[in-house]
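> Since chain A is already given, all that's left is putting chains B and C on it; use the hints.
Here is how the chains run, residue by residue.
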Amino acid sequence: MMNRNGNAYTLIYALVLAAFVAGVLAWVSTSLAPRRKANEEAAKIAFIRAAAAMPEATVDSLESAGLRVFRAMTEEDTIFVLPCSGSGLWGPIWGYIAIEPDTCLVRGAAFDHKSETPGLGSRITEKAFGSLFGGRPFDGTLYSVKADAISGATETSRGVEEMVLECVEKYAPCFDSTGHFILKEEGNEL
Amino acid sequence: MNFKETIRKSVLGSNPVTVLVLGICSALAVTVHMKEALIMGLAVTLVSALSNLVISLMRKTIPSRIRIIVELLVISFFVILADQLLKAYAYPESKTLSVYVGLIITNCIIMGRLESCALSHKPAEALADGFLNGIGYALVLIVVAFFREFFGCGTLFGVQIIPQGWYFANGGFYENNGLFILPPMALILIGCIVWLQRTFDKDLQE
Amino acid sequence: MELINIFFKSVFVDNLALAFFLGMCSFIAVSKNMQTARGLGLAVILVLLVTLPLNWVLDRYVLAPGALKWISPALAGVDLSFLTFIVFVAVIAAVTQVVEMVVERFVPSLHLSLGIFLPLIAVNCAILGASLFMQERAYTGLGEVLAYALGSGLGWFLAIVSLAAIRERLRYSDIPKGLRGLGITFIVVGLMGLAFMGFMGIKF
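Protein chains in written order, with numbering that gives the first Met the number 0: chain A, 0 to 189; chain B, 0 to 205; chain C, 0 to 203.
Keep in mind the hints are simulated off the structure, nothing from the lab.
Values in this document were obtained by computation on a predicted structure and should not be read as measured data.
Please note that a few of the clues may not be correct.
To be verified - In the EDC-like style, the derived pairs of lysine to aspartate or glutamate whose C-alpha atoms are separated by at most 20 Å in a straight line are:
#1 C:Lys176 to B:Glu205
#2 C:Lys176 to B:Asp82
#3 A:Lys113 to A:Glu62
#4 A:Lys126 to A:Asp101
#5 A:Lys43 to B:Glu92
#6 C:Lys31 to B:Glu205
#7 A:Lys43 to B:Asp82
#8 A:Lys126 to A:Glu99
#9 A:Lys169 to A:Glu125
#10 B:Lys34 to A:Glu125
#11 C:Lys31 to C:Glu167
#12 A:Lys113 to C:Asp78
Said to hold, decoys possible - Quick list of the computed label-pair ranges, beta carbon to beta carbon:
#13 A:Pro100 to C:Gly142: 43 to 51 Å
#14 B:Glu92 to C:Asn32: 43 to 51 Å
#15 C:Asp78 to B:Arg7: 33 to 41 Å
#16 C:Met100 to A:Gly133: 52 to 60 Å
#17 C:Val61 to A:Gly133: 40 to 48 Å
#18 A:Thr29 to C:Ser161: 46 to 54 Å
#19 B:Phe145 to C:Tyr171: 29 to 37 Å
#20 A:Asn2 to B:Thr154: 24 to 32 Å
Unchecked claim - Facing chain A, according to a computed beta carbon distance under 8 Å, are these residues of chain B, among others:
#21 Val29
#22 Glu35
#23 Leu37
#24 Arg58
#25 Pro62
#26 Ser63
#27 Ile68
#28 Ile79
#29 Ala81
#30 Ala87
#31 Ser97
#32 Tyr99
For every residue, glycine included, the Cβ atom is placed at its ideal position computed from N, Cα and C.
So that you can see chain A by itself, here it is in the shape it has in the complex (with noise of 0.2 Å):
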């Protein structure tokens, strides 16, 4: 048997075993991937729903003044839902929140995130935090929920935060000088 200690067999075990290791998470992920896509495309389309409180609405994705809006429609009823996306603690947090045509008030928001504090940061995810949002005009003061609207997660509040109010001004092109959104193209399947 070779030397354990010796410079060759380091170099050759520790070769191996990163090739193993990268090769059969490489070779996983990638023959996985469309099944995970299948579920975050899914995982997606339900936190729309969610957003929007319409458990049944088809969903399309459409385009506004350039930028990419999601409709969430019933029979009697459409919502729009402008996604966002920024930074907590630990990983990235994103969020829908969903918007009524007419009057241009806030129906609700849902928030995911990919790896914040469980217990603590993660709980964005809760339906609760999300209707805090409900029923507020879409401006600059749509998160005027206190920074500890989670008590303990102090940086994953101020992520929302963040990313609530960047999301007002990105898509502010999209509503005309009378507050109601406008309409560009019409929409593609999801």
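Positioned in the frame of chain A, the structure of chains B and C alone reads:
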């Protein structure tokens, strides 16, 4: 060795959190609610038992100079693999695990056990050691989470325990204590647990 | 100016040990006396200064979605971000192992007193945490990354050195028997953390 004695010793006498001072960071982060504490406790028990077993099987081949990298590769390989598989076949569950991935990989209990047990013991002993240390860790997490969730949120496992009518907002006399949600309170709670344990177990006193 | 802000913010407001409570295991276990605390603090600064720039380069040119574009445009669609954890951790472990060898060779006394905790820097969540924070905050250049690495390392150093100083004084205090040592240390760190929360409102 006496089986009961072994369990008492690893779970209490050399408890990873209150005696060996390992795994503190996650004990602060995930003990706000009991549910998260329980999941984290179980995940760490599982990963620590399995990686202890695997490293113990590999122990005769590992070059000593790169043992840390090898140990970490084994731990993170398991955790990431599980995360990827769950993402494809059990998406809702994967949402739960994903947030713990980093916390499990860097949990120094697992690393500490690999260093001081798996590298020098037979697979069966290593498996038992990893498992028992995980249990000891889970135990502390759950005790801390009990106090933090009860006083901080008035709930246990998400179920409201303090009657709604007691709260100030509803005309009552009670208010949840926000201090318990903050991480420093977990430190103070663990300090009290250590105090209690050392009052009864005089061998541990300094 | 930006660099100075990043530096001071990571020392005080985002102090890895006392604001985010990262690296607590070694923080508490190795702060019994000033000498080892100083040694570990320096080791953390050193490891951070080497690993953060390395991880930043890896993240930017290998791991992030589409990061492989610089090799060939055909690779623009490759997303290796599922390897982030394992790569970051491997880099940290490799650097730690090198530091361990260097310390063992040149400062054997420090190596003896740090004992099990030098290898444990590899899983010191402060180091991985700093790497993840760096990735999340999307620093734009190596200068910013270095300022962040130096600041957070120094913050951790200051925290462990102050705790060690407090613990050395505590040794002469008449504390209830069961609370002596570890118990009171946990409580002291909790109180220090509460004090550091005062920095949270400060915006840079």
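> Could you run down the list of hints and mark each one as holding or not?
Hints, verified against the model:
no.	hint	result
1	C:Lys176 to B:Glu205	holds (8 Å)
2	C:Lys176 to B:Asp82	violated (45 Å)
3	A:Lys113 to A:Glu62	violated (26 Å)
4	A:Lys126 to A:Asp101	violated (24 Å)
5	A:Lys43 to B:Glu92	holds (16 Å)
6	C:Lys31 to B:Glu205	holds (12 Å)
7	A:Lys43 to B:Asp82	holds (19 Å)
8	A:Lys126 to A:Glu99	holds (19 Å)
9	A:Lys169 to A:Glu125	violated (25 Å)
10	B:Lys34 to A:Glu125	holds (15 Å)
11	C:Lys31 to C:Glu167	holds (7 Å)
12	A:Lys113 to C:Asp78	holds (16 Å)
13	A:Pro100 to C:Gly142: 43 to 51 Å	holds (47 Å)
14	B:Glu92 to C:Asn32: 43 to 51 Å	holds (46 Å)
15	C:Asp78 to B:Arg7: 33 to 41 Å	violated (49 Å)
16	C:Met100 to A:Gly133: 52 to 60 Å	holds (59 Å)
17	C:Val61 to A:Gly133: 40 to 48 Å	holds (43 Å)
18	A:Thr29 to C:Ser161: 46 to 54 Å	holds (49 Å)
19	B:Phe145 to C:Tyr171: 29 to 37 Å	holds (35 Å)
20	A:Asn2 to B:Thr154: 24 to 32 Å	violated (59 Å)
21	Val29	holds (5 Å)
22	Glu35	holds (4 Å)
23	Leu37	violated (11 Å)
24	Arg58	violated (11 Å)
25	Pro62	holds (4 Å)
26	Ser63	holds (6 Å)
27	Ile68	holds (7 Å)
28	Ile79	holds (6 Å)
29	Ala81	violated (10 Å)
30	Ala87	holds (4 Å)
31	Ser97	holds (6 Å)
32	Tyr99	holds (7 Å)
Comparing the model with each earlier hint shows violations of hints 2, 3, 4, 9, 15, 20, 23, 24 and 29; every other hint is respected.
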